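Same order as they appear, the protein sequences are chains A and B.
Under this note's numbering, the first sequence has 4 at position 4, and the numbering climbs by one with no breaks.
Under this note's numbering, the second sequence has 64 at position 64, and the numbering climbs by one with no breaks.
These are computed hints drawn from the structure, not numbers from a lab.
There could be a bad hint or two in this list.
Stated by the list, open to error - Pulled a few chain B residues facing chain A out of the computed Cβ check, cut under 10 Å:
#: 1; residue: PHE10
#: 2; residue: TYR31
#: 3; residue: TYR35
#: 4; residue: GLN37
#: 5; residue: GLY42
#: 6; residue: LEU43
#: 7; residue: TYR48
#: 8; residue: ALA56
#: 9; residue: GLY58
#: 10; residue: GLU59
#: 11; residue: PHE90
#: 12; residue: ALA92
#: 13; residue: GLY108
None of these values were measured; they are calculated from a predicted model.
Don't be surprised by glycine CBs; every beta carbon is placed ideally from N, CA and C.
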Amino acid sequence: GQQVMQIPQYQHVQEGEDFTTYCNSSTTLSNIQWYKQRPGGHPVFLIQLVKSGEVKKQKRLTFQFGEAKKNSSLHITATQTTDVGTYFCAGRQGAQKLVFGQGTRLTINP
Amino acid sequence: NAGVTQTPKFRVLKTGQSMTLLCAQDMNHEYMYWYRQDPGMGLRLIHYSVGEGTTAKGEVPDGYNVSRLKKQNFLLGLESAAPSQTSVYFCASSDGQGAWTEAFFGQGTRLTVV
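Next up, chain A with everything else stripped away, as it sits in the complex (with noise of 0.2 Å):
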């Protein structure tokens, strides 16, 4: 069945640093999301990726979509204190399951 692949584990930076996480998947997919989890809470949806090649930008937070549709990546400018938390993408198998990475944990030292 569909991996959903995702590195680092963790991740510690100074604030004002930049911070990256990569999603690879073992098949190719028909999009991706990304969340992010608050410690403490459940995962809140921040976007959708479908196109090849796509690339969305929120603020300071990049997302791209590789070629192949197979990987994704997360990328945050100048780390803030609010961005803490755990990043996980999400691929779809078909149009009905919702298969997770296993998340980066992002501490920031202030």
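We have chain A; now place chain B onto it with these hints.
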């Protein structure tokens, strides 16, 4: 608009006991999912449903059963709880009308099996 509501929020079970986790959504979503979250393992799909009366197995279905008798409710059952089922359980729903829609999550149920 409550979104996705999970009941209960916390529970402690003894090994061998049974329980049912309830997920209710008021967004008229077709798709509903149950995930478990363990440290370092991310969110693993237990079971899911693409509509009322339908269920399907996810990545880690063993030891769990589900039912979707009403469109707005998705129940997760543990027939004989084991310590390995200690986890945080999340329910989610999404609109099945479009294949590319976001999932909305409940607040989670923290289950401890002793």
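Now the hints, each set against the structure:
Interface restraint check: B:PHE10 against chain A, minimum CB-CB distance 13 Å, threshold 10 Å, status violated. Below 10 Å, beta-carbon pairs count as interface contacts, and B:TYR31 has one with chain A at about 7 Å; its hint therefore holds. For B:TYR35, the interface hint holds, since its Cβ comes within 10 Å of a Cβ in chain A; the closest pair sits about 7 Å apart. Evaluation of the B:GLN37 hint against chain A yields a held restraint, the C-beta minimum of about 9 Å falling below 10 Å.
Interface hint status for B:GLY42: upheld, as the beta-carbon distance to the closest one in chain A is roughly 4 Å, under 10 Å. The beta carbon of B:LEU43 is positioned within 10 Å of a beta carbon in chain A (closest approach about 4 Å), and the interface hint is therefore held. This hint holds: B:TYR48 has a C-beta 6 Å from the nearest C-beta of chain A, less than the 10 Å allowed. This hint holds: B:ALA56 has a C-beta 7 Å from the nearest C-beta of chain A, less than the 10 Å allowed.
Hint on B:GLY58 holds. Least Cβ distance to chain A is approximately 7 Å, under the 10 Å limit. Annotation: B:GLU59 was flagged as interfacial toward chain A, and the flag holds, the nearest CB pair being 7 Å apart, inside 10 Å. Look at B:PHE90: its Cβ gets to within about 6 Å of chain A, closer than 10 Å, so that hint holds up. Checking B:ALA92 against chain A: minimum C-beta separation of about 8 Å stays under 10 Å; hint holds.
Proximity of B:GLY108 to chain A holds as hinted, the smallest CB-CB distance being about 5 Å (cut-off 10 Å).
Hint 1 alone, counting from the list given before, is not met by this structure.
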